[in-house]
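There are 2 protein chains.
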Amino acid sequence: MQVRDCLVSAPGKAILHGEHAVVHGKVALAVSLNLRTYLQIKARSNGKVCINLPNIDTFLCWDLSELKQLLACLGDKKEEAQRLDAELVKRLREFLGVTDGNLDSSNTATLAFLYIYLSLFRSGELPSLTVTAWSELPTGAGLGSSAAYSVCLAAALLCAGGTITSPLKEWEHTARWCQEDLELINSWAFQGELIIHGNPSGVDNAVGTWGGMLRFLAGKIIPLSRVPLLRILLTNTKVPRSTKVLVARVKDRINKFPSIMIPVLDSVDAISCTCEKVLTDMTCEPITGEHYNVLEELIDINQHHLNVMSVGHPALDTLCRVTLAKGLHSKLTGAGGGGCGITLLRPVSRGHCSHIIAIKQ
Amino acid sequence: MQVRDCLVSAPGKAILHGEHAVVHGKVALAVSLNLRTYLQIKARSNGKVCINLPNIDTFLCWDLSELKQLLACLGDKKEEAQRLDAELVKRLREFLGVTDGNLDSSNTATLAFLYIYLSLFRSGELPSLTVTAWSELPTGAGLGSSAAYSVCLAAALLCAGGTITSPLKEWEHTARWCQEDLELINSWAFQGELIIHGNPSGVDNAVGTWGGMLRFLAGKIIPLSRVPLLRILLTNTKVPRSTKVLVARVKDRINKFPSIMIPVLDSVDAISCTCEKVLTDMTCEPITGEHYNVLEELIDINQHHLNVMSVGHPALDTLCRVTLAKGLHSKLTGAGGGGCGITLLRPVSRGHCSHIIAIKQ
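Order-wise, the sequence lines are chains A and B.
For the first sequence, the UniProt record's numbering assigns the number 1 to the initial residue and increments by one for each residue that follows.
For the second sequence, the UniProt record's numbering assigns the number 1 to the initial residue and increments by one for each residue that follows.
In short, the hints are calculated from the structure, not lab data.
Warning: the hint list may mix true and false statements.
Identical copies go unnamed one by one, so any copy, or any two together, can satisfy a pair.
[Said to hold, decoys possible] Listed next, the in silico EDC-like pairs over lysine to aspartate or glutamate satisfying Cα-Cα at most 16 Å (straight line): (1) Lys360 <-> Asp5; (2) Lys256 <-> Glu297; (3) Lys68 <-> Asp266; (4) Lys169 <-> Asp252; (5) Lys244 <-> Glu170; (6) Lys256 <-> Glu290; (7) Lys277 <-> Glu296; (8) Lys220 <-> Glu170; (9) Lys256 <-> Asp300; (10) Lys256 <-> Glu296; (11) Lys90 <-> Asp100; (12) Lys251 <-> Glu94; (13) Lys68 <-> Glu87.
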């Protein structure tokens with residue numbers, strides 16, 4: 001089988017408000033970034049499947065015959081978007097020699113590719129191809145780099161195999177898919193996230209797929225139809241941290257001081273809702289300094305709340321202090337305890353929201 | 001009339017938790033400090049009344065005949081603890097030439113003295129005496145220096161005139177009055193505070209009178225019977241600020257973001273209640289590191305909440321950062337926006353709570 005060549009890209013994400021509170025049933029707002037991951041599929045006729053991920057120093061090739069064996073006697077499980085084929089994952093882990101617990105990003109990226117590739121092509125002939133992905137997103141910084149990669153993988157493999165058709169018109173350099181195709185892309189991207197993260201919220205792949213801003217509440221993801229373009233300065237503190245440890249730390253503090261912490265979560269919820277309202281207002285009335293004043297106040301308040309949840313870090317405090325000295329307002333984004341901070345900048349020009357796109361090669 | 005000589009002292013106060021939130025009906029906790037104001041009354045026979053306040057560079061003397069004129073045709077209004085004799089205040093302001101608005105601390109201290117002195121002795125012969133007061137408390141730093149002064153004034157003048165008797169036994173160097181006398185002292189001290197502050201909460205004079213720790217809620221002041229001695233490092237940022245402006249700022253933010261701010265006030269309320277519980281526990285069970293861990297966590301959380309109320313200041317942030325680098329936890333105390341910060345220190349030795357006391361001369 002010969003696949004179609006294709007080139008796609010998908011954006012990373014930042015959490016504007018509601019990180020951690022979202023774990024406790026509160027609203028979170030996620031926005032797409034103009035930092036993107038790009039992925040190209042080239043059809044080959046050498047009977048090989050290759051993957052090149054220069055960002056994480058991963059360059060691998062397999063013979064189609066090796067990969068075919070992984071599907072032997074697998075049964076013809078219908079793909080379900082919310083669940084992995086546990087047997088296939090097990091075989092892939094054995095195949096890659098990564099059966100023992102923690103995997104590095106090279107292993108998980110390879111696993112995710114092979115899983116989606118084999119799942120999509122298992123009912124027919126496996127195609128020979130080369131996948132090359134590169135990214136403007138740092139890994140492990142909470143900016144959704146793995147989701148952008150999964151979205152790209154899903155879109156490119158679905159498109160290469162003909163399950164969805166390229167949305168590109170002859171005169172276009174980039175284009176996005178229709179809603180139905182985006183939903184299919186998103187569901188496969190979620191499978192990639194399941195492999196990479198174990199227990200993803202689904203927010204990151206949704207932002208990577210739809211772009212713009214999403215409202216996330218109790219597992220339900222609602223893309224917001226109209227949002228203004230925000231200029232956000234991202235600062236990577238490069239302080240490593242474990243999301244799992246930080247989520248547990250917040251939970252411990254809530255259990256220790258419920259009467260103190262539950263109102264803080266309520267306040268964060270109100271911050272997300274107020275922010276959503278202001279952003280909506282900004283799309284249907286002239287944008288004023290007061291809109292930005294409010295957005296800045298919300299950022300400051302939430303950053304204090306995140307410190308109350310004990311997910312701050314001195315490097316993030318420094319970010320807030322240094323930017324405030326320039327009149328700018330910052331907060332951590334994502335898990336905290338290091339990672340990235342966002343600083344809201346006031347507008348200088350208008351642009352477009354990001355989303356998964358097909359690109360003319 | 002010849003008065004009795006006496007020497008008294010009263011402590012300053014710090015707000016442990018609940019500043020600002022108390023204005024919105026939440027619990028506040030105030031503690032007495034071991035920084036005190038001292039006041040001595042010496043009987044004279046030169047027909048003069050003199051006041052020496054070296055801390056605020058105030059040294060004044062009047063002839064008894066001048067002061068007697070202030071009482072002429074004043075009517076024999078019964079002293080009420082909660083209300084000032086407006087006519088007497090008016091005459092005193094004219095007498096001191098301070099009828100126009102804002103008074104400095106020298107003027108208000110003099111007014112408070114003359115008001116209490118004339119009120120207490122108006123029904124009989126005015127005594128000749130010299131009042132000398134000095135303090136370990138800075139003025140205008142939110143540490144209750146004016147209340148400590150008012151408490152001393154009230155106690156010493158009540159004692160000098162014989163309304164209350166000195167509690168000192170022959171073998172004692174210091175002693176405190178009985179509950180009934182303390183209540184009388186407190187009610188007169190409140191009058192002094194009314195003159196100095198206009199609209200005092202009554203917390204400061206209550207702490208100066210009873211010492212220890214007080215719970216303040218919706219205008220009701222409850223002295224806590226048993227509290228552990230806390231070692232608190234006080235840092236005066238010396239950043240001047242207006243309590244009135246800061247209280248208004250908090251109110252504005254609550255009005256602007258009610259859904260965000262009301263939970264924050266609830267959280268502060270819970271902090272005060274949790275702190276009170278921990279301090280009570282510390283008096284009836286062995287004090288452990290965990291007690292201090294909780295006290296420190298409460299301080300950190302409340303400091304963030306005070307920043308959310310926008311009553312922080314870079315100088316207070318610096319205090320928090322510098323002390324945290326030494327493993328110590330700090331928050332602003334009182335109005336914020338500068339003023340003083342408190343840093344909780346862990347215990348090294350045991351001592352006694354402060355309260356208004358009579359001192360052997």
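So, going through the hints one by one against the coordinates:
no.	hint	in the structure
1	Lys360 <-> Asp5	within (10 Å within a copy, 98 Å between copies)
2	Lys256 <-> Glu297	between (28 Å within a copy, 11 Å between copies)
3	Lys68 <-> Asp266	neither (52 Å within a copy, 62 Å between copies)
4	Lys169 <-> Asp252	neither (53 Å within a copy, 54 Å between copies)
5	Lys244 <-> Glu170	neither (46 Å within a copy, 67 Å between copies)
6	Lys256 <-> Glu290	between (38 Å within a copy, 12 Å between copies)
7	Lys277 <-> Glu296	within (14 Å within a copy, 36 Å between copies)
8	Lys220 <-> Glu170	neither (37 Å within a copy, 78 Å between copies)
9	Lys256 <-> Asp300	between (25 Å within a copy, 15 Å between copies)
10	Lys256 <-> Glu296	between (31 Å within a copy, 14 Å between copies)
11	Lys90 <-> Asp100	within (11 Å within a copy, 86 Å between copies)
12	Lys251 <-> Glu94	neither (35 Å within a copy, 62 Å between copies)
13	Lys68 <-> Glu87	within (15 Å within a copy, 102 Å between copies)
The structure shown violates the earlier hints numbered 3, 4, 5, 8, 12.
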